[in-house]
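Trainee: Sequence:
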Amino acid sequence: MNVTDDIEEYYKAAEGLVLTAGKIIEGAINLNKNIKIKGIEWDLVTEYDRRIEDDLKRQLSNMYPQHKFIGEETTAEGNCLPKLTDEPTWIIDPIDGTTNFVHQFPHTCISLALVINKRIEIGIVYNPLMKQFFSAKRQKGAFLNGHPIKTSKVTDLSQSLIAMEPWIAKDSDYLVPIYTRMHALIQGTHGIRSLGTAALTLCYVAMGAIEAYHVEGIEAWDVAAGKLIIEEAGGTVIDTSGGELDLIVPRVIAACNHQIADQLVDLFKSADLETVNKNLK
Numbered sequence: 000m001n002v003t004d005d006i007e008e009y010y011k012a013a014e015g016l017v018l019t020a021g022k023i024i025e026g027a028i029n030l031n032k033n034i035k036i037k038g039i040e041w042d043l044v045t046e047y048d049r050r051i052e053d054d055l056k057r058q059l060s061n062m063y064p065q066h067k068f069i070g071e072e073t074t075a076e077g078n079c080l081p082k083l084t085d086e087p088t089w090i091i092d093p094i095d096g097t098t099n100f101v102h103q104f105p106h107t108c109i110s111l112a113l114v115i116n117k118r119i120e121i122g123i124v125y126n127p128l129m130k131q132f133f134s135a136k137r138q139k140g141a142f143l144n145g146h147p148i149k150t151s152k153v154t155d156l157s158q159s160l161i162a163m164e165p166w167i168a169k170d171s172d173y174l175v176p177i178y179t180r181m182h183a184l185i186q187g188t189h190g191i192r193s194l195g196t197a198a199l200t201l202c203y204v205a206m207g208a209i210e211a212y213h214v215e216g217i218e219a220w221d222v223a224a225g226k227l228i229i230e231e232a233g234g235t236v237i238d239t240s241g242g243e244l245d246l247i248v249p250r251v252i253a254a255c256n257h258q259i260a261d262q263l264v265d266l267f268k269s270a271d272l273e274t275v276n277k278n279l280k
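According to numbering that gives the first Met the number 0, the sequence shown holds residues 0 to 280 in order.
Do not rely on the hints blindly, as some may be mistaken.
Each pair of labels, with its calculated beta carbon distance range [what the hints assert, rightly or not]:
(1) S193 to R57: 21 to 27 Å
(2) L18 to Q186: 39 to 45 Å
(3) G140 to H66: 20 to 26 Å
(4) P165 to K139: 30 to 36 Å
(5) Q158 to Q65: 44 to 50 Å
(6) K67 to T3: 37 to 43 Å
(7) P165 to G242: 32 to 38 Å
(8) T154 to Q65: 19 to 25 Å
(9) H182 to D155: 17 to 23 Å
(10) N144 to H182: 32 to 38 Å
(11) H66 to T19: 15 to 21 Å
(12) H182 to K130: 33 to 39 Å
(13) L83 to G187: 31 to 37 Å
(14) R50 to P105: 17 to 23 Å
The calculated EDC-like cross-link candidates involving lysine to aspartate or glutamate, where the alpha carbons are at most 16 Å apart (straight line), are [said to hold, decoys possible]:
(15) K35 to E46
(16) K268 to D238
(17) K22 to E46
(18) K130 to E25
(19) K139 to D245
(20) K139 to D261
(21) K117 to D245
(22) K152 to E230
(23) K152 to D261
(24) K268 to E215
(25) K130 to E14
(26) K67 to E86
(27) K32 to E46
(28) K67 to D85
(29) K139 to E46
It is worth saying that the hints were derived from the structure and are not from the lab.
Backbone N, C-alpha and C define an ideal beta-carbon position, used for all residues, glycine too.
Model the full structure from these sequences, guided by the hints.
Mentor: Shown next as structure tokens:
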């Protein structure tokens with residue numbers, strides 16, 4: 000079996016497992032949930048987060064015992080940054096948008112990526128509540144429910160719809176810079192949206208529903224699958240500063256093309272400078 004055959008096998012296994020895991024979310028969305036807080040008051044976790052992660056990890060381990068794992072819930076329990084090696088590594092977010100899930104808001108999903116030699120080979124993001132199955136394999140294109148998707152062709156930021164997550168502004172260190180960036184976006188685009196799930200919002204960039212997405216304070220499991228899906232759909236995912244994205248400590252600008260990404264980098268640099276000047280007064 001060659002590498003391509005391996006990837007196809009891994010993908011088929013992952014697809015089936017994620018679809019099955021989605022039934023757990025469907026069955027639990029309207030139920031009372033055992034809600035806990037992970038470290039900070041707005042970072043929620045339920046028993047279903049851990050159940051889905053454990054199920055995916057156990058079944059993938061049984062099939063591929065040499066593979067490694069980076070999962071949101073197990074990493075949170077260890078209270079340390081995950082380490083990415085060259086070994087095949089599954090990156091799991093069992094429920095991205097847990098707060099949405101708790102409130103029965105239907106923008107919630109399972110995100111699963113396979114990284115080999117530090118390169119993302121497979122990305123799957125599944126919202127079972129809206130029957131949206133996003134998928135990509137490296138150099139094979141991006142798909143929604145089996146149909147090819149492409150990013151928007153808009154190249155002018157002023158004609159763009161942008162998504163951004165303001166929740167990180169609950170941290171006082173981020174309050175002023177985040178809202179300064181939001182104000183700049185409101186003034187310079189068609190509008191901004193916030194959906195409360197990084198993985199799914201990345202996929203909305205991939206399908207052309209929005210032109211770009213900006214978020215900080217997230218983790219590898221929030222962005223790994225969506226990054227590949229956007230890139231395979233023709234878009235780009237970079238660091239907020241304009242450099243290469245650090246998958247382990249991601250500061251994300253995800254855009255439909257390099258023109259929009261570059262305009263966002265410049266806009267945020269100006270907004271951040273405004274924040275610095277305000278702090279000096």
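Trainee: Among all the numbered hints in the text so far, which are the ones the structure does not match?
Mentor: 1, 6, 7, 8, 19, 20 and 29
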